[in-house]
Structures are given as structure tokens and as C-alpha cells.
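Asks: Throw the hints in and build the complete structure from the sequences for me.
There are 2 protein chains.
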Amino acid sequence: MNELTINLKTNSKIPLYEQIYDYIKSDIQNGRIPYGEKLPSTRALSKHLEVSRSTVELAYEQLLSEGYIESEPYRGFFVAQIKELYHLKPVKAREAQKGDVRRKYQYDFTPNGVDLKSFPYNVWRKLSKDILIDDRTELFRTGDSQGEYGFRNAISNYLYQARGVNCSPNQIIVGAGSDYILMLLGMILGMDHKIAFEDPTYKQAYRMANGMSYETVPVSLDKYGMKVSELEESEADIAYVTPSHQYPTGIVMPIKRRMELLKWACRKEGRHIIEDDYDSEFRYKGKPIPALQGYDIHDKVIYLGTFSKSIAPAIRLSYMVLPKPLLDEYNKKTRFVNSTVSKVDQLIVQKFIEDGYYERHLNKTRALYKSRHDVLIDELRPLEDICKISGEHAGVHLLLTFENGMTEEELIQRAAKKDIRVYGLSDYCIKEQADKKATILLGYANLTEDQIRQAVEILKNCWREV
Amino acid sequence: MNELTINLKTNSKIPLYEQIYDYIKSDIQNGRIPYGEKLPSTRALSKHLEVSRSTVELAYEQLLSEGYIESEPYRGFFVAQIKELYHLKPVKAREAQKGDVRRKYQYDFTPNGVDLKSFPYNVWRKLSKDILIDDRTELFRTGDSQGEYGFRNAISNYLYQARGVNCSPNQIIVGAGSDYILMLLGMILGMDHKIAFEDPTYKQAYRMANGMSYETVPVSLDKYGMKVSELEESEADIAYVTPSHQYPTGIVMPIKRRMELLKWACRKEGRHIIEDDYDSEFRYKGKPIPALQGYDIHDKVIYLGTFSKSIAPAIRLSYMVLPKPLLDEYNKKTRFVNSTVSKVDQLIVQKFIEDGYYERHLNKTRALYKSRHDVLIDELRPLEDICKISGEHAGVHLLLTFENGMTEEELIQRAAKKDIRVYGLSDYCIKEQADKKATILLGYANLTEDQIRQAVEILKNCWREV
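First to last, the sequence lines map onto chains A and B. Numbering-wise (my numbering), the first sequence opens with residue 1 and increments by one. Numbering-wise (my numbering), the second sequence opens with residue 1001 and increments by one.
Rather than coming from a laboratory, the hints here were simulated on the basis of the structure. The model shown is predicted, which means the values in this text are computed figures rather than measured ones. Mixed in with the good hints there might be a few duds.
Pairs of lysine-lysine, DSS-like flavour, derived with a Cα cap of 30 Å [to be verified]:
| id | chain 1 | residue 1 | chain 2 | residue 2 |
| --- | --- | --- | --- | --- |
| 1 | B | Lys1013 | B | Lys1089 |
| 2 | B | Lys1203 | A | Lys332 |
| 3 | B | Lys1203 | B | Lys1418 |
| 4 | B | Lys1351 | B | Lys1324 |
| 5 | A | Lys285 | B | Lys1038 |
| 6 | A | Lys9 | B | Lys1129 |
| 7 | B | Lys1268 | B | Lys1324 |
| 8 | A | Lys227 | A | Lys203 |
| 9 | B | Lys1089 | A | Lys364 |
| 10 | A | Lys351 | B | Lys1013 |
| 11 | A | Lys117 | A | Lys418 |
| 12 | A | Lys370 | B | Lys1038 |
| 13 | A | Lys38 | A | Lys83 |
| 14 | B | Lys1388 | A | Lys83 |
| 15 | B | Lys1364 | A | Lys47 |
| 16 | B | Lys1324 | A | Lys89 |
| 17 | B | Lys1038 | A | Lys364 |
| 18 | A | Lys203 | A | Lys370 |
Replies: Structure, rendered in C-alpha cells:
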């Protein structure tokens, strides 16, 4: 072959060498230029197309590097055997199947909300750019299965200062979300355990434990949190608790109950407490109580934390702090499991913490949530004759317990008719509650102050009329 | 307080408003300006510091948004109660504990290597920038637990064209690495199974199965792959196989054996085949054989794939394709488990596939590995009187079986003395092999052609002398 007539567009955004590369590649793929055919020399083709020789050389190099042509010394370029090459045709995206389309409400008091408008996009973009700037092969090599040391060090400093958690970076294991962390913890602990859950509880963790085929048992709460006497009777050897802010009742477990819980753990060999500190970042009243882990001198507490609540749900970054004996188990049994978090993401969050952005972000969102919290409480005052507010000192939701004769279902339905979504406590209960009082959860992280005012105005009316 | 004398640096890179913010913040944190103190008005302070009023306003706004000061209408700005605020002191990174420092070899023939120099850094950076460019709150919201639909669609197109895998995007579940995918699959299948592994095998998967407390059984290979008669006798109900390129022996399972395997799966209710297609991307000889999944008309095959081998190990992105009955199980039992991969990463790889970069990257690395493969084979020719090459038609490693009387250990040690790391087949065996022949694995993805020439030159000598 001596000629290749390519209709080059000099005013195109696609560089000339790429137009030549594309043309020849597609001719080879279509079989128009068959296997073994000799291509024109770079000199001849550049003359023919009236482009510089280096432009043609660039195109040939690209074809060479992708295996479409082969170079034979002193003879020239020849079309290669391409049946082993990849040729992926672009296919139009299929429409996603419309499965369970959830109803959209005008106002949604979800207790799992996070204000994404306050997500620090600029900082994130900057950090992400900085980290990718060098062609660092190191960044794309297999990482430490526990998580990168520098990142674990940043977490351990944060935990010590903000939560009173005592640990070295070696005790921290990073993973892609809390569900995964529980799966990994399951492999470390083994299957032969009975796990006690607070009732009502954080259902996701309860479902995970059951999904992993653990035996589970609900333990009821009094106003201080999980009843330790009932826990003792349950014959569970692991207690899953949320002492900083019980989910969903909002109880902050006082020191005395924490000590009783730690004593329970010490009474028998092999007992453990899983402390899920899922949203301890947001407190509005009183002095912060350090994490249970900080009081634990007998290596009984497994501490779980996450960045999904405090930064954004899509940041798949959680961690656990293992007591030393379990760390030995981890090293023996599951250290070989590769990390689930990319180094890039770990480095972004490490820088985010170390450069002070996390502190700022926490204070900003806390201030934001506090204003919404205050507005919500203010607006709810006129309802105090028919319901009692509780669980309002921390987190991003509160509870309303009604004594106006309406059932939970009725309260939810009446709100739904006015396009407002509220949540019933029953959804979080494991056992059917006998002395069940109608209790509604209102989350406020997702709503603006104005939206809260408007929605509560409507709720006041629809929850009153009989 | 009427005055605040701040030593502003006008030639600093830190903007003036931030200097004012930093100064006041640290004074509040230190208690130098106590709770309740009134700050100077923005007008007064701007006059005093000789800066514009908007500069001071910006500083006050920042302090306000982070909760350090409060604004009272018509009265001014006052220092807030800050004991609930975060104040994280930067702490110097501790030195990582020097644990098991692995010996570095001059030449390392690791079979798990990936050429990271050919990683498309520029494209990656560009895609990552493009995706983060808009302040898209959607990007940071909780995603689809199966993985984003668009990404699964791109995977399903790729699998159909490149691997002959028949599936809809709905059958694909994305996860952060193959270890995690196995954990999730474990939750879907439940614990009551016995899993047969090829012997020798991919030890990581074998360790995962044991780590999850599954009963496992090794099944030996003949030259076509897993022996189906032995599998039948083993009473396993799940067979874990690598038919495209058996790991580590490199056997490409012929169609006949594939059919026998599928028949085995159909013979009894509840049997399944796990097809791990970990490195099918790289083949050097003969027509590609479609994946086992493509022949499966009875919903028996669970297909596993990963981007960690074909792009980079630090890309924590793997997936499985479930047959429809298991998809129903997934929807019933484990759909609630949140995705372990961030939307950002999913979108980057989706774009990488859709815009043709993946095709280019695969062809480029394939050409690169093929050259290294050819050089290695060429260099090894003079050793053919003492060893036999096998498993060389695909993947990124080959095997040498020796018949010169040296043991595997001896071959490894002799190489190590010359600063060359080679790998023994025994490491991949589950059972002690009775008729064990000394077999060495050589991976070539990590070494340049020159390094391969140099290293084999040395190996030729040290494996010959007696």
C-alpha cells in the first residue's frame, strides 16, 4: 500500500495525529487494510497528506503501542494480527429499570440526613488535584491492608482529642463503610457469639449481624440506656451499644451505666462491647462525654467510627479501633484481607484532617445543625400539650412522644397527606413493644430553617384536629 | 472591647480576612477574649486596622459560621460559648513502626505484578477533575447499593463484547475489591456449603473462604483443569475455578472440560460454579475462549471480575455477575448492605470505559506484556534441557518445571543469593503434592525487557552449576 487518503480536518479540535491514528485503526479493525499489509512510510504519508513527518510518526507510534501495527527493522510498518486485540464498540446506555420509585415528599424529616450543601467542594477538589498531580506510581500500588499509616495516625489524633479514645494507629483498621467494617469484624471474632442489641436500635447493624448468621438478642432500654441486668440474663457475650447518642432514642448514657456495662464485660472471659460512635460529632448541650473506649482499661471495647455521617454518605470511609488482644487475632487471621479503600481517598481525608479543614467543617455543620435544631424546638413548643420532646441534646434528630390518642400510623399518615414525611419509632424496634406509645422521629439535617418552620406549621394543624 | 491590635502582613500569601479570622479565633480558643465579650464593630475594626470594611465582615462571617461568635441584632457580635466546639491541635505524624521489612530484590519475578508506569495518569486526572467540577450534591449522596446503574451498564457491555458474558446490568454487583466481593457473596449464599478449590489455587480466595468459616476441599488438576470426577466425590456443592487461565498453573480449560463442569453443576439442586476471571484480559496465542458464564444456560455460574489487575491494584473495584435465582436471594437478603465504592470512583471508571480509554489501555498493556513475554521465552530457550515451560499462553507469568535434580527450595535460594526473587509452586498448593516436581513461577509484568534479559542471564548460570 502506498497511499492512504485521509480527509483531515485542520480546524478540528482533534489533533491531526489522532485523526490519522483513528482512520488507520478503524480501517484495520474493519479489515479494509488486511493483516500483513505494509503501511506507507512516514515520509511518503506525510508528503501525501501534507502534514509534518512527526505528525505521522506520532500516529504510527500510537498504533504500534496498541498492537495494531508492527515494525520490522529496515522494512517498515506492517498490519498486525489483531484478532486478540480489544475492540469495544461504544453502546448506548440502557435506561435504568424503574424499580421501586420512592415517593418524593415536599418535606422529609429523615433522621439519616446530612446537609450536602455545606460539603466543602472546593477544598475536596483542591486536595484531590494536589494528590493526583505527580505521576506517583506508589499511589496505585497495593496499599497497607489496615489502611495507610499516615491516615490512621491522623484518625488516632482526632479520636484522642475529640472523643477521648486512647489508641495507637496500629489498633485502627480502615474500611469502605460501616457495613464492611462489621463484616471484617465478624471474620476476626468468628461466628460463635451471641450479640445483644439495644431495642430499639440501629437496624442496619442488626440486619448485618443477622445477615452474617450471628445469633442476636434484643435487650430493652431504661432512661440510661441498655439494661445491664437484662443483658446479663440474655447470655449474649457481645453487646452492641451507641452510648454517645443512642440510636434512635437519643439517650446519652451516663457515666454510671457505662461503668456497669464495662463491669459486665469483665465478669466473664471473652465478652466484648461494640461501641458505635456513629454521630458523636454533633452535641448541643452540656459537656461532651468521652467515648466508652476511653474508660476501658481491660481491652473490652471495640470502637466504631465513620466519616460518612460527618463528611458525606458517599465518602465510603469507616474504621474500627481494636483492643490489643483482638488486634493479635486480626494479625493472625484476617490481615491478608486487602483494604477496601483506595489510597487516593485515604490521602484526601488525611490531608482534610491534618490541614484543619475537618475541624472547620465540623464546627460549621455543627453551627448549622444547631440553628435548625433550635428552630425546630421553638416551633414545636405549641405542641407540648399533646407531645413530649426527647433525645434533643445531640445528633441530628429528636423524638416526639404523643399522648393525644393518635397511633403512630395515624400520625404518619396525616403528615403524609400534607406531603410531609415523618418516621415512626416502631421501625427501629426489634420486639413488638407492649406499652407502646406513639413516637415520631424528626430529623432536621436535611431541611433549611424556613422549611422546618413551614412544615411544623402544617404538622401542628394536622396532628391536632380529631 | 473596642480595640484589637492585629499585626497584619500585607505581603503574606494568606489573605487579610483570614489573618484577622485566625487571630480572633485563636484568642477565643485561648480564652484571651472570654465568653460574652463584645467584639469591636466591623466599622471600628476596619478603621483601626486600616483595611476595608468588607475584609472585616468576611472574617466575622467565617467566625460566625463556625460558631466562635454570635450575632445579636442591633447590638453587635459577641464571643460564643465554645466548649462544645472542635479544636484539633495539629500533631506531628508518628513514625510508622518498622514491622516486617521485606527484603528488596534487584529483580523480582512476582506473578502478581502490574506495570504501573503504563497507568494512564493524565487521563485519570482529567476524568477525576471533570467529575468533580460541578458542585454536584448528587455525587456525595448515598448511592445504589449494587453500584451505579450507568457503571454496571458499562461493565455489562464490556463483558459481553470482550468475554462473551451474557448479563444485564441488574445482575452485576460492584464492590471494593475481590475479597469484599467474596464476603458479600458469602452472605448471599449462606454458610451451609462446601467449596471445592483447584489445587494448586489462588490462595487469597481459599484463605477468604476459610476465614469466613466455610468448609473447603482441594480438588486436583489434570492438564485440562479441575478433575470433575474428583469434584463429584468431594461432596462439595460449590466449585471455585479459574478456567480462562488457571492460577497459578496457567491451564486454559478446554470447552469439553467446561461442559463437564457445567453438567456437574446441573446434576444436583443447589450446586454452583464460581468463575474467577481475574486476568483474562491478557492472552497471547490462539482465539480467546469466551467465559464459562457464556455457556451457562441453567443459572449455575457466578462470574467474578476485577479492575485491579487490568488497571491498577489500588483501584479497589471488582464485581460479580449473579445468576438470576441468586439475584433474587441478594434482593431478599443483602440488598440493604451499602456499596463499598464511592460514586466518584465508579464514575471515573465508567467514563474510562465509555470514552474508549479502557480499550486503548488494554491493548497497550497487552502489547507491553507480550513483548516482555516474548523476550522471557526467548531468553529461557537455552535452559530447555533442564526445564519445561508451561502456562505461557495467557496472563502475566509462566511456569518452569525442572528435571535437573534441584529442589524448588534450592532453585529459589540460588536465585536469592544473586538478588533475584522467584516463586515456588508449593506456595500455591493446598495439599502436600506426592509426585512433586520442582516448579518455579516467573511473573514478568513488573520487569522491563532489559531487566528480564539481565536476570535470566544470571539465572541460567546459577541454576546450572552443581
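Asks: All the hints need checking, so say for each whether the structure fits it.
Replies: Outcome of the hint check:
1. B:Lys1013 - B:Lys1089: 22 Å, holds
2. B:Lys1203 - A:Lys332: It holds: about 16 Å lies between the C-alpha atoms, which stays within 30 Å.
3. B:Lys1203 - B:Lys1418: 28 Å, holds
4. B:Lys1351 - B:Lys1324: 27 Å, holds
5. A:Lys285 - B:Lys1038: 23 Å, holds
6. A:Lys9 - B:Lys1129: Within the cut-off at roughly 28 Å; holds.
7. B:Lys1268 - B:Lys1324: With a Cα-Cα distance of about 18 Å, the restraint between Lys1268 (chain B) and Lys1324 (chain B) holds, given a limit of 30 Å.
8. A:Lys227 - A:Lys203: With a Cα-Cα distance of about 19 Å, the restraint between Lys227 (chain A) and Lys203 (chain A) holds, given a limit of 30 Å.
9. B:Lys1089 - A:Lys364: Between Lys1089 (chain B) and Lys364 (chain A) the Cα gap is close to 17 Å, so the pair holds against 30 Å.
10. A:Lys351 - B:Lys1013: 20 Å, holds
11. A:Lys117 - A:Lys418: Answer holds: Lys117 (chain A) to Lys418 (chain A) is near 26 Å, not above 30 Å.
12. A:Lys370 - B:Lys1038: Between Lys370 (chain A) and Lys1038 (chain B) the Cα gap is close to 22 Å, so the pair holds against 30 Å.
13. A:Lys38 - A:Lys83: Holds - the C-alpha atoms of Lys83 (chain A) and Lys38 (chain A) are around 18 Å apart, at most 30 Å.
14. B:Lys1388 - A:Lys83: 28 Å, holds
15. B:Lys1364 - A:Lys47: Answer holds: Lys1364 (chain B) to Lys47 (chain A) is near 28 Å, not above 30 Å.
16. B:Lys1324 - A:Lys89: 26 Å, holds
17. B:Lys1038 - A:Lys364: Since the Cα atoms of Lys1038 (chain B) and Lys364 (chain A) sit roughly 21 Å apart, the hinted pair holds (cutoff 30 Å).
18. A:Lys203 - A:Lys370: 26 Å, holds
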